[in-house]
Structure formats: C-alpha cells, structure tokens
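Chemist: Sequence lines, in order, name chains A and B.
So the first sequence is residues -8 to 271, counted in our numbering.
So the second sequence is residues 2 to 507, counted in our numbering.
Everything labelled a hint here was simulated from the structure, so no lab data went into it.
A few of these clues could be false.
To be verified - A short list of chain A residues far from chain B (calculated; beta carbon distances all over 10 Å):
1. D1
2. I4
3. D5
4. M41
5. G53
6. L57
7. P60
8. T97
9. G164
10. I194
11. R199
12. I210
13. L222
What the hints assert, rightly or not - Ranges of calculated distance between the beta carbons of each label pair, as one might list FRET restraints:
14. B/T58 to A/W39: 54 to 64 Å
15. A/T155 to B/E327: 31 to 41 Å
16. A/E150 to B/E365: 28 to 38 Å
17. A/P214 to B/T53: 22 to 32 Å
18. B/P172 to A/E236: 25 to 35 Å
19. B/R123 to A/E236: 28 to 38 Å
20. A/W39 to B/K491: 52 to 62 Å
21. B/P172 to A/E150: 27 to 37 Å
22. A/R232 to B/Q315: 54 to 64 Å
23. A/W132 to B/Q337: 49 to 59 Å
To be verified - Partial selection, computed: residues in chain B whose CB lies under 7 Å from chain A:
24. K69
25. G212
26. R216
Beta carbons are placed, not taken as given, at the ideal position from N, Cα and C, and that holds for glycine.
Residue strings, one per chain:
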Amino acid sequence: MKLSIEIAVDSIIDTLRGLRWSEYAPFFWILAAQWFFLAMSTQLHTTWGMSIVAPIARLAGGSENLHYPTFYGYLSILLGWVESFLYVVPGAFLIPLMLLRYYARTDRALSLGAGAASRLAGAFIPTLLAGLAGVGCIWGWQRFASPGIMAAWRQWMSEPMGGTLGWLAVTLGGYGILTMLVYVPVAAVQARTNPLRAIGYGIRFGLRSWPVTLVFSVIYGAPAVLVQFLLERQGVLVVSRLRPEFIAVLLGVYALATSVATYLTYGTAARLYRVARGEK
Amino acid sequence: MVRHILRTLLAALAASLVVGCGGGAERATLYRAEKLLYEARKAEEQQRLGTTEPDSTALMNLRAIFLKVGKSAPGPHAVTAAGEAGEVARATIRTVGVAAASGARLALAARRADLALEAAERLQTEAASDTVTARQAAFMAVAAYQGLRRYEDAISQMKRILVTYPPLPAPPTSEDPVLGIPGAIVSLRRNLGDEEGAGRELRSALEYFTGLLDRPMAPELEAQVRARILRASLELNQTDRALQEANTLERLVGETPELRHLLAEIAFAKGKLKATVERDPSEGIGILDRVSTDFPTSPLAPRSLLEAASILEQRGQTANARERYEAILRRFPNSQEVAPLALYRLGMVQEKMGDWVVAKSTLEMVPLRYPRSSAAAEAPMAVIHHYMNEGRKTAAQLYFAKAITTYRQLIVRDSSGQVAPLFRVKMFQIFAAAGDSTGVYSITEEMLRNDSRHPYTAQILVQAARASIGYGNSQRAAAYLRRFLRDYPKSPVAGQVKRELQNLGG
C-alpha cells in the first residue's frame, strides 16, 4: 500500500490513544536505569556514589571531570553515553520486546511462548547493529558536520538567533539519521525473516517513509528537544546561578521525555510498517 | 545466545566497577570538600551582595562555613603516593588550603588575626608535603602577623618564604608573589618609619634578586627578576648598575615578544636615569612623559609623571612640576600609590609659587580625598609648618585644633589601618608643641592600646617620657621608660633608655 499523510496521521492518533503500560514497560526499565545513574551522580560525595559513577566516567574518558561543580557541566555528555549504551545494548532486547508486545494486540500468539522468544532472539543482532550504526553516525555528525553547520548559521544570522538555529539544525540532523534506522527493529520482529533481510527491509522502509517518520519523531521528541536546548545552551547559567544539582533534575526530565518519545516513535513506526504492508 | 551476550556484558560492567572502586573513598572526600568550598563561596557571595557590609559576626559565621571544608577532609593525605591516588590527595589538600586561606582572610577582616595565624600554622604543618599549599599557608601567616601588628615576625616569615620557596615562572602578564616579597619588606619598614631599615632591606633585596640569576631560569622569569633588580638599583641610586640592567632587559624583551609589557619598565628606568644623571634633564623628562602616554594602563604611567614632576621640582622648575602633578590628578585620580602624594606635592608647589590660599585648600583636600594615605598625615602638618616658617605662631596654634580634629576623623574612619599610627604620632607632635600634657598622655595611652609593639610607639614612649619630665611628672616618665624596655628590649636605644631610667631613680 502506498504511504499517505492520512495513514501516518491515523497511526499517530492510534498510538496516542492506545498507550499501554505493558508495552511501555521495556522503555521504563531503560528510564529507570538512567534515573538511577542520575541519582548516583548527585551522590558523588559518598564513597558508593563515586564508586558507581567514577568507573563509568572513566570508561567514557571523562574522569578529569569528577570535580564539583564542573561535573554537572559534563553530566549531560556522560548521560548521553549512558543513554546510548542503554538504548543500544539492553535496547537490542527491550525495543523488540516492546514491538512484540505491541503486535500482540492483534496477534495473541505472540504474547506467549516460543514464537515470541525466537523472534526476540532473532531481532537482537539487527537491532544491536542498527543501534551501533545510529550512535556511530550521530557521533560522526556531531563531530564533523556540526561545527560547519553552526559556523554557517552564525554567518547567515547574528547571535543569538544564528547559534540557536544552528543548534536546531544539528539536532534535527540527528533525528534525520536515527529515523532512517527506526524500522530495522520493526522489520526484525516480523515473522519469517532473518537478520540480513531485517536490516535491508528496515533501511529500505526507513528511506521510503523518511519524511513522515521524521515529522512524527520530531513531534514526539519536541519536549525532549526543549529540555536539551535549555541544558546545552543555558547549562552554564544553571550551574552558576542556580544549584548545580538542578542539572540532574533537568536531565531526569529529559530522560523521561526521550523515553516516552521513543516509545511513541516505535509504536507509530510499528503500526505504519504493518499498514504500509497492507496488514491490519 | 542472548543470555550469553547479556552475561558477558554484565561481567564486563561488574569488572569495570570493581576496577573503578579503587580510590573511590578518596575521590568522594575530594568531591565533598569541593562541594563545601563551593557552597561556602556562594554563601560569601550572597552575604557580600547584601545591602550592608557584613559585620564581624557575619564574617565569623562565613568563616565557620569555610572551616567545614577542612573538617570534611581530615588528613593525613597520601600526597607522595604515585599516580591518581597522589593527584587526588594533592587536589584535596589544595582545596582544604584554599578554604583555610578564605577562612583566614575572613578572620582578618573580622579583626581576629589570632585565628588567622592559628589556621596558617596548622595548615603549614598539615600541608608540609604539598609545596603549593604550604607556600599559601606561609603567605597567610604573613598577613596574620601584620594583622596582629607583629611586624618583626611578619618580616621574619617573609624572609623564610624567600629562603624556602624559589620564585616560579608565571604567565608573562603576571608574576609569582614571591618576587614581590622583598619589595613588601621594604615598604613595611618604610611604613614603620624605619627608613634606615628600609635601605638595608633594599640592599638585601638587590642581593637576593642577583642571587636568583645564578640558577638557570625561563626567559620570562629572568626578565621579571631583572626588572626587580632594575627597580632596586634605581631606588639605591646605583645608576651604572641600573643602566646595565635596563640594557640587558631591553635585549631580553627584544628576543621574547611576550615580554613587551616590560617596555614600560625599561623606558621608565632610562628616563629616570637620564633625567637625574644628565645636566639637562629635558630628554629624560620627555621619556618619562611618554611612558604615561604610551603605556597608559601600566602602573608605571602615573609613577613616571610623579618622577618627572619630582625631578623638575628639585631643579626649581615648579610650573612644569605643577603641570605634571595636575596631570596625575586628572588622569590617574584613583592611583592610591601616586595620586595622594601628587596632591600633597601640588599643594607644596603652589605654596612655593606664592599662591598660599590655593595651596592651603589643596593641602586640606588631601585628607578628604585620600584618607588612608600617609600624605593625609603630612598635609595638616605642612599647613602648620607654613605658619611657623612665616613666624605666624598664633595662626599655627589656632590651626592645631583643626589638625587634631582632622586626625581624629581619619582615625575614626579606619582605627586599625596601616596609617593610623602615623596619624597618632602627628597628634602627639601637635600636643607636645602646644605643651598640652593631657593630650600627650592620652595619645600615648591610645598608642599603647592600639599600636602596641609598633616602632612608632617606641619613639612616642621615649618622647612622652621626656615630655613628662618637662611637665614635672617623673613617675609617669619612669613608667613609660619601663614599658619601653619591656616591649622593645632589643631596640638599639635600649641602653640609653636604661640610663635615663636610672637617672630618674627607677
């Protein structure tokens, strides 16, 4: 079936109407892990808090930031790494689990037993690879493309508008990259598929539906983008004028907004994928 | 397969956690100390942003917040440990040191120099293994000794710093505070009225800086040391040496573009040398004038104008001198080092030019505009001297009351300030000149109370004893002399004072 605006809008409305805790739960575990990490980040003055966060910071190559209050300026970067890890590695299991629970609404057999387990196992590698590719591309985008884009916007427009629009362009670029890979886990949990086919189908569908997917993922992600904007553009102000710990609270809100947005994005993508293939 | 991957990942995470646990307690201690220091600084910032200046109770409360940092990170810290453990220990002890220094600063501001000294001594012992902190503690002790008016101890402590801590290279536009110590000793001696001692210390300073050049050092540091040598030799009127140093420094600056800020120093020295040595000072004066226009942000800009004015005044070119004093007051009115003296000298030049009415009003402006300067102490006396020189004794005596009121107001403004003892000395001189025994006794008692062990108090005790004999009060004279011998047993005039006391039958 050809993709149309009506199908996309119906998918969004259905997803928003049909929010279910059991489907969201896999993302909640990722969110819980992020919140736990953030809570530990506010306890670095205790031996146990430091013993949990310091090794992670060291793995992320930022142990020199374990000082007060500079740590809170670095925390969003560190949480970015933790978030990437959680969405890529445990996410390779949890994202397909969410999708299978979603499809179980119409396919009762999927909610139980061996069929679900084998699809979950089969989806792990494609989802992991898509996740790693996504993180790699985002890293490359931010590392190499972002400075040029920011400079170009700053040349076109004076500050603060130039910087703000440049930042928005870089953020939207990141969304653009991720939306191309959203359908890999969706394709991977379908029946009668294999990892290679799932990756191929997923990317092909991602490219085909890219504009629509970008629109709904940006709509869902808007609250997270807003919090991210506040953190990245006004982070120093928050650290210096308010309590530095407030950064951790804002990051907690950001993690919640991202978690819900990711759930809604996958929910809509799953529905769109099935409808586009002519299934109910 | 999934289970296997998950198990491997969990094992890797657990292993990294275990590896990372090493030093967690020490890192947490450092973090805790940094957090408390940050909160203490915030509290101080809040307090200072308030509408009123924090009083001594508020300052002591703030000090207590800073002291929590040290309590949160009790030693000993393994500063000598290798690798990260040593780095964390050093960072911890430095954080504690910064907090202790802030605590000492607040204690000094709250007039509790004893607490500042106690903190400095404790930190010196605790941080002996970390040079940076131990050095900071040594500087704290200097400030505390000065706060306690234990000036000889302050000078000894500064000399200990010079022996213990060699100066370190600093960014080109700043310099290691150790380099400023010899000059601080000279200034302190001068403030104590000990010009002979200041001259001695200046010669020691020159010796110290020259000694530093024996060891190899970075060009930036060498230039800074040579600049100090240049200043000291100029002050000691060692013109050949100063010229030689100016040329060496010029060569160094030519080779290192980062040292261009020292050009002002070189130009100042060359201008001063030319103006003082050559028969016609105009070329030197021209160079000094250019320093003030070519380097307007340099501290040497007002100084070069003052130097030029002073040389011109000595050579009788009072109109040219007046022009430069006025230029200082117009362009650098906030230069606390130069502007008060310029205003005072302007008054004196106006007097020389025969414009007494203007001169008197200029001199009377000095205590009003620069109440914490030694020029403020000299200005009222200059008015009295003018009347005396003109033989107008009654006018001079009438002015005594006004001068006393001026000094009293200056003391009320800053009773423990560095110049307050000088104001009291001037009051003593006026009371003595007026034959006012009550005034002489009361100001002597005030000095004993406020400026105990100050060299000015030593002079006043001897003079008050002699004045008391004149007033027929030998008992009081003996008491002053006994107090002198108790407080200044090592004074060079102690023998003479003993003899005077024996003559009084003490």
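Chemist: Each hint: holds or not?
Modeler: Going down the list of hints, with the structure as the test:
no.: 1; hint: D1; in the structure: holds (34 Å)
no.: 2; hint: I4; in the structure: holds (34 Å)
no.: 3; hint: D5; in the structure: holds (30 Å)
no.: 4; hint: M41; in the structure: violated (4 Å)
no.: 5; hint: G53; in the structure: holds (13 Å)
no.: 6; hint: L57; in the structure: violated (6 Å)
no.: 7; hint: P60; in the structure: violated (6 Å)
no.: 8; hint: T97; in the structure: holds (25 Å)
no.: 9; hint: G164; in the structure: holds (30 Å)
no.: 10; hint: I194; in the structure: holds (23 Å)
no.: 11; hint: R199; in the structure: holds (30 Å)
no.: 12; hint: I210; in the structure: holds (33 Å)
no.: 13; hint: L222; in the structure: holds (20 Å)
no.: 14; hint: B/T58 to A/W39: 54 to 64 Å; in the structure: violated (39 Å)
no.: 15; hint: A/T155 to B/E327: 31 to 41 Å; in the structure: violated (53 Å)
no.: 16; hint: A/E150 to B/E365: 28 to 38 Å; in the structure: violated (53 Å)
no.: 17; hint: A/P214 to B/T53: 22 to 32 Å; in the structure: violated (45 Å)
no.: 18; hint: B/P172 to A/E236: 25 to 35 Å; in the structure: holds (34 Å)
no.: 19; hint: B/R123 to A/E236: 28 to 38 Å; in the structure: holds (32 Å)
no.: 20; hint: A/W39 to B/K491: 52 to 62 Å; in the structure: holds (59 Å)
no.: 21; hint: B/P172 to A/E150: 27 to 37 Å; in the structure: holds (29 Å)
no.: 22; hint: A/R232 to B/Q315: 54 to 64 Å; in the structure: holds (56 Å)
no.: 23; hint: A/W132 to B/Q337: 49 to 59 Å; in the structure: holds (56 Å)
no.: 24; hint: K69; in the structure: violated (12 Å)
no.: 25; hint: G212; in the structure: violated (39 Å)
no.: 26; hint: R216; in the structure: violated (33 Å)
Checked against the numbered hints above, the structure breaks hints 4, 6, 7, 14, 15, 16, 17, 24, 25 and 26 and satisfies the rest.
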